[in-house]
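Enquirer: For reference, the chains in residue letters:
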Amino acid sequence: EAGVVQSPRYKIIEKKQPVAFWCNPISGHNTLYWYLQNLGQGPELLIRYENEEAVDDSQLPKDRFSAERLKGVDSTLKIQPAELGDSAVYLCASSFSGAHYNEQFFGPGTRLTVL
Amino acid sequence: AQKITQTQPGMFVQEKEAVTLDCTYDTSDPSYGLFWYKQPSSGEMIFLIYQGSYDQQNATEGRYSLNFQKARKSANLVISASQLGDSAMYFCAMSLRGEKLTFGTGTRLTIIP
Numbered sequence: 054e055a056g057v058v059q060s061p062r063y064k065i066i067e068k069k070q071p072v073a074f075w076c077n078p079i080s081g082h083n084t085l086y087w088y089l090q091n092l093g094q095g096p097e098l099l100i101r102y103e104n105e106e107a108v109d110d111s112q113l114p115k116d117r118f119s120a121e122r123l124k125g126v127d128s129t130l131k132i133q134p135a136e137l138g139d140s141a142v143y144l145c146a147s148s149f150s151g152a153h154y155n156e157q158f159f160g161p162g163t164r165l166t167v168l
Numbered sequence: 049a050q051k052i053t054q055t056q057p058g059m060f061v062q063e064k065e066a067v068t069l070d071c072t073y074d075t076s077d078p079s080y081g082l083f084w085y086k087q088p089s090s091g092e093m094i095f096l097i098y099q100g101s102y103d104q105q106n107a108t109e110g111r112y113s114l115n116f117q118k119a120r121k122s123a124n125l126v127i128s129a130s131q132l133g134d135s136a137m138y139f140c141a142m143s144l145r146g147e148k149l150t151f152g153t154g155t156r157l158t159i160i161p
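Protein chains in written order, with this note's numbering: chain A, 54 to 168; chain B, 49 to 161.
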């Protein structure tokens, strides 16, 4: 079974430029999460989708960040414009809400560097 | 609000020895799940073990066991017979009602040959 796929793995951009990250969850997983992980810290939730619906986006900085999950499968996270402080690893995870304890499976992450 | 505390920023352990990674949590919700993840230098988060708040027995998965002390709100991870490949960051996390994971700051474990 394929795991959570993310692309790109690495991205270097200049500040004020836009950037987008893509995530393909595990087949059959209806819940998708985007987490932000700063250096030396644990991941923090940005947004959680149940199928196509964003059910928790309270931590998403909506002035510059946006996300979508078309057809309840793949998801894209966008930053426009990027700031120096956005340099971090962006992790995507997925889970099946009917599972016993809703284990989240993580992708390899996208490491963003903003210059 | 829920909170996870990991007080050990780094640990060094001799190969083949057992190691305990500390984790305490705080929540007023009686229903919660506790998770441990391993994050190697490659970056992916690897699930290790789960403990539910109503589980009567401590969880075990191979060389991993979770020392769950509910009254003390602690969920320490025990790795037996450590191996060089165990060197990584380890994160404790909590989930309420199967929703988002709240992570601690992690412990960097280094296994010494």
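Simulated from the structure, these hints should not be mistaken for laboratory data.
Please read all numbers here as calculations on a predicted model, not as lab measurements.
In this text, a Cβ means the ideal position worked out from N, Cα and C, and glycines have one as well.
Some hints here could point you the wrong way.
DMTMM-like mimics (lysine to aspartate or glutamate), calculated; alpha carbons at most 20 Å apart, straight line [said to hold, decoys possible]:
1. Lys51(B) - Asp77(B)
2. Lys51(B) - Glu121(A)
3. Lys51(B) - Asp109(A)
Listing some non-contacts, in silico: residues in chain A with all C-beta distances to chain B over 10 Å [claimed, not checked]:
4. Ile65
5. Gln70
6. Leu98
7. Ala120
8. Val142
Enquirer: Indicate, hint by hint, whether the structure satisfies it.
Expert: Now for the hints, and whether the structure bears them out:
no., hint, result
1, Lys51(B) - Asp77(B), "12 Å, holds"
2, Lys51(B) - Glu121(A), "28 Å, violated"
3, Lys51(B) - Asp109(A), "18 Å, holds"
4, Ile65, "16 Å, holds"
5, Gln70, "23 Å, holds"
6, Leu98, "4 Å, violated"
7, Ala120, "14 Å, holds"
8, Val142, "6 Å, violated"
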